[in-house]
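J.: So the protein sequences, as listed, match chains A, B, C, D and E.
Oh and the first sequence: position 231 is 231 in the numbering used here, straight run, nothing missing.
With positions in the second sequence counted from 1, the corresponding number in the numbering used here is that position plus 280.
With positions in the third sequence counted from 1, the corresponding number in the numbering used here is that position plus 500.
With positions in the fourth sequence counted from 1, the corresponding number in the numbering used here is that position plus 745.
With positions in the fifth sequence counted from 1, the corresponding number in the numbering used here is that position plus 987.
For the record, the hints were derived by calculation from the structure and aren't laboratory data.
We put the beta carbon where it would ideally sit given N, CA and C, even for glycine.
There may be inaccurate statements among the hints.
[Unchecked claim] Quick look at which bits of chain D chain C covers, simulated, 3 or more residues with Cβ under 8 Å:
no.	stretch
1	771-785
2	843-854
3	877-891
Each chain, letter by letter, is given below.
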Amino acid sequence: QEIDGTLKKVKDTGSITLGIRESSGPLSYLDANQKVIGYHIDICYKIVDAVKAKLKLPGLKVAEQAVTSQNRIPLVVNGTVDLECGSTTNSADRQKQVAFAPTTFVTNVRMAVKKASGITDLDQLGGKPVATTTGTTSVALMRAHEKGKSIDFKEVYGKDHADSFLLLESDRAVAFVMDDNLLASLIANSQNAAQYAIVGPALSTEPIAIMLRKDDPQFKALVDDTVKGLMKSGEINKLYAKWFTSPIPPKNVSLNFAMSDALKNAIANPNDNPVEAYKK
Amino acid sequence: MHQFDFSVIPQSLPFIWQGFLFSLTLTLTAMIGGIGLGTLLALARLSGGKFLSRAAAIYVDTLRSIPLLMVILWCFLLIPIIFGVRMGAEKSAMITFTLFEAAFYCEIIRAGIQSIPKGQINAGYALGMDYRTVMGNVILPQAFRNMLPILLTQTIVLFQDTSLVYAIGASDLLHAAEVTGKTFNRPVEMYAFAAIVYFIICFSLSTIVKRLQKRIAIIR
Amino acid sequence: MNYHWNWGIFLQQVSSSDETFLQWMLIGLGWTVAVSLTAWVIALVMGSIMGTLRTVPDRRLVLIGTAWVETFRNVPILVQLFVWFFVLPEFLPQDLAMWVKQDMPFKEFLTASIALGLFTSARVAEQVRAGIQSLSRGQRNAGLALGFTLPQTFRYVILPMAFRIIIPPLTSEFMNTFKNSSVAFAIGVWDLTFVSRQMVEETGGQVIETLAAATLLYFICAMAANRLMRFIESRTRVPGLIIAH
Amino acid sequence: MIEIKDVSKWYGKFQVLTDCTTQISKGEVVVVCGPSGSGKSTLIKTVNGLEPIQKGKILVRGTSVHDPKTNLPQLRAHVGMVFQHFELFPHMSIIDNLCIAQMKVLARGREESADKGLKLLDRVGLKAHANKYPGELSGGQQQRVAIARALSMDPICMLFDEPTSALDPEMINEVLDVMVELAQEGMTMMVVTHEMGFARKVAHRVVFMDQGKIVEDAAKDDFFGKPHSERAQQFLSKILQH
Amino acid sequence: MIEIKDVSKWYGKFQVLTDCTTQISKGEVVVVCGPSGSGKSTLIKTVNGLEPIQKGKILVRGTSVHDPKTNLPQLRAHVGMVFQHFELFPHMSIIDNLCIAQMKVLARGREESADKGLKLLDRVGLKAHANKYPGELSGGQQQRVAIARALSMDPICMLFDEPTSALDPEMINEVLDVMVELAQEGMTMMVVTHEMGFARKVAHRVVFMDQGKIVEDAAKDDFFGKPHSERAQQFLSKILQH
Ligand SMILES: Nc1ncnc2c1ncn2[C@@H]1O[C@H](COP(=O)(O)OP(=O)(O)OP(=O)(O)O)[C@@H](O)[C@H]1O
Ligand SMILES: Nc1ncnc2c1ncn2[C@@H]1O[C@H](COP(=O)(O)OP(=O)(O)OP(=O)(O)O)[C@@H](O)[C@H]1O
Ligand SMILES: [Mg+2]
Ligand SMILES: [Mg+2]
């Protein structure tokens, strides 16, 4: 069979470009040497290995391109990035633009608070400043929640997660609403991790997956097979343990973030269902 | 009050240095390319040719009216589509900054050329020089000398603007500081540190500019 | 390219609220304009004062003006914004700090306007100083010789001409203020940049349409600023005098 | 009226004025001449305190100009000054140029000032131009307005710094005519000029400067008859040759 | 040598020159005078094509200046021109000012140019200043350098546009002296000037302009004796009064 699509491009140029995020711990983030590491990065390199094997290109060059939540989709679409290994939510809207590998992580949008505040639920936050990050789904979730429950937060926004966490840390906000894995990672890295807790019910449950170009069946098949292979062999559990329940850089503390039922389910039945399928 | 912890700074230095080198490379590339292209644009704007000066004016006015951030994003997204070449963030930034800064340098150089009394052009022509000789030997050398402080001030602005490449994931001085701040979760310290580093660099540069200005000013 | 175009996106309703994306964009435009104009007023006032101080025959005042300019123009605006927003309140007394952090009305808007205003004021001050210095010394002497005090000489003789002379470079600065206002999103002002980021997220990646709209709106703002200054320039033009650009 | 006593002045280390001494009585017209850079402009500017001095003393109607206690603006208001480059305020109409100082310094009313201004404009032959702007007038006309502006403050004496040297040859006379008239009416005047015709016609005394020193200070006829110093002879011969 | 035939010129709708006709023969010195704004500078600039014309014809040594086929730089190289504001190149030393056009236009070598330049500097009495910059010289010295620069191209004729009107009175003569010498050596010269002493001394003919027209074109003695037109009489009386 003739190879085409991304695989042909990779073969022709002898290089493959991974899109990475710089602070989506522990899926994709920078360590103390500013080298990108993380759960999704490990999975991506497994896929790269599969590409090497398939194309018989052991010397395949791997380039890394930092992407942001703003430009990751167009960069995949326009061919700058071949495989986006960050923390992208798989949604029906996005499936119009790009394709996703089988879901490798499921996140719950919850909130981080200072334990001392005694807050345990979003509904306690009427009239209080609540932080989240600009350009994220959490902004929409909070607004929808406000509308649904007719409470009124004072939203404050950080330009990235670190800034948003700073809003919480410096008491500009009493809660920070975000993906729970990111919250856990930020807390683990903070000055005084014991001070914070992740509380409240999930505002939303979202499948996170590696992103690739649409309408490229050969490459999609290879990616799917690789990821499914990891799931079948149980290797994915090792990777999960490595990043979520063991000490990780840069501070060598563990997130102690047990695997959720939703993720267990996704691993048992590999699929690339969008977030809409997770809504009850 | 916030617990400051400046121990991240020593750890960040290697990255800050890397970022600084990139900022510097980008600044120099955009300065040299931008001044070259900007001079051509300025000559086009001042040329008698209706079409040429109109086209140059549209280019300059458009770029000057759009935030640099937008230009950076557009170029990064569109160059691969238009030219079909994949381009890393660094290269893309260099091309973008050159094209963008050319518009600003153009206006400075144009003002510089116009600040030379018309008599100088006439004097050159009266001696039998042609357009190229007059521009190359009489007008541009004076225009550049008059405008040098402004050209360099614009370059300092350019140096600060390189921080916008964060939008396309290139790592400059500010970005390096921010990323370290995130990695160690000490953003406040790193922002303060970045402010000081920028201040020292830009202040030294502008002091040098002032010295230079005195040194090379044409005696009148 | 397999980009999925959807120009109709602007008329779609935002899922989390009652507005359409177009309305969102216009709200963003409103905040962008508000921040820019407030900042511009601050920049003009402080820039004029500091620029003038740098031209008076008093060492200490010159020093104040110089320090002001060097401080505010040598640090990128984004960094200054963070210093104002995150660093400075840490030095306030506990109660005041809490008020500033949590209860101060429009705190993001005010912080962004002040930061951008002071940043721009350094550039305006340089223009004002250049304008004053471009006037011949004779004008100052003529004012003094008529019995004006130095402040009166500035008020009636020097500044009116200096401002006319620097309208073109001030126009650029005014346009820059609109462009630079896009940093305000970083502390959570709902400006055009903020809205477009959010819109990209909530539309599942219609980046090009969103960017195009935001770029167009910024372009319109900058152009409007340009036209306004041209208008002022033509209204204040002195008959018989061609001010060299 | 004006007493200049032992005045010295330095720009940094460069001495511009060296022990200059002279005086001008009420109603006297004194012409100051000398080569370029000899310090004429500097000297005349010290008289109304536009330039500080480091040594010596200058009295105008008994008031010490460089005494820190002197109210300089008030003193300057009564010493008219006309500059080489006119220095009208380009953003104000001619009549506003004449009114602004009357209103802001002498606290006269708008109408009184305008009346006075128009009267003076009439006197210099420019009443019809009251509402134009300086940029719309010729150099000679601008300089006449500048003289009228100085007169609007009812000065006790007038200082002129090369009032005709920036003018086209055709326009020099219209300005000199106004100055001659002023002199003949008895105004106290100190005039830096190269126009020896004017000096011959109305000056009482001529002060000749060179390199910051007053080299000659003589009655008009003595000066033009037989200048003492060689430098002054040389200067006169160059100026008068054509 | 120079023929100006029926030349008219407009700036937009404003007519600056109206049917100007005159000619200058080899070795002749013609002075052009007239009130400010009468078009003297414009006329002289049309002669070497610095200003385009809309009507008429100008021939310099038989070559039509405004013919598109004419190699203008080559023609201009042989027509020396001296400007009111000297227009030396401020960023080059005096000697470089004299060499640059020789090297770039006449393709002379560096040394040949410098030799020639120094010879001419010597002639105008400024050899010692060869390595200074224009800003370090007085106005009179700068204008003499400008004349030397024009001469360095071996011009067949020289155009002067008010060469002394930006000078201090003391310096006017040093420049006029150089010009008188040139004229006496037989250089063809067209001189816009208000210096009637110069005109009396060396001019062969005087051209008087007013409002873009050549009003008088007469031999020197006729012009100073009894100008035909009233306008010229009036002008002369104003210029010569002091
Ligand atoms: N602000 C200044 N700083 C330093 N030197 C100055 C300053 N102003 C004038 N000078 C010098 O002082 C000297 C006298 O200047 P001044 O203007 O009084 O001369 P002048 O006799 O009026 O000459 P001119 O006829 O050219 O007007 C000159 O050598 C001049 O260069
Ligand atoms: N570039 C221009 N555009 C429009 N009008 C011009 C231009 N240059 C000169 N003029 C006008 O043309 C007329 C003649 O100008 P020109 O400079 O030739 O006069 P001139 O006789 O040399 O006067 P002066 O003695 O003041 O030098 C003037 O009315 C002037 O305003
Ligand atoms: Mg003087
Ligand atoms: Mg002229």
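J.: Does each hint hold? Answer for all of them.
T.: Consistency of the hints with the structure:
Proximity of the stretch 771-785 of chain D to chain C, defined as three or more residues with a beta carbon under 8 Å from a beta carbon of that chain, is not established by the 0 residues found. With 5 residues having a beta carbon nearer than 8 Å to a beta carbon of chain C, the stretch 843-854 of chain D meets the requirement of three or more and the stated coverage holds. Chain C is given as covering the stretch 877-891 of chain D, and this holds because 6 residues of the stretch bring a CB closer than 8 Å to a CB of that chain, at least three being needed.
Violated hints amount to a single one, hint 1; each of the other numbered hints is respected by the structure.
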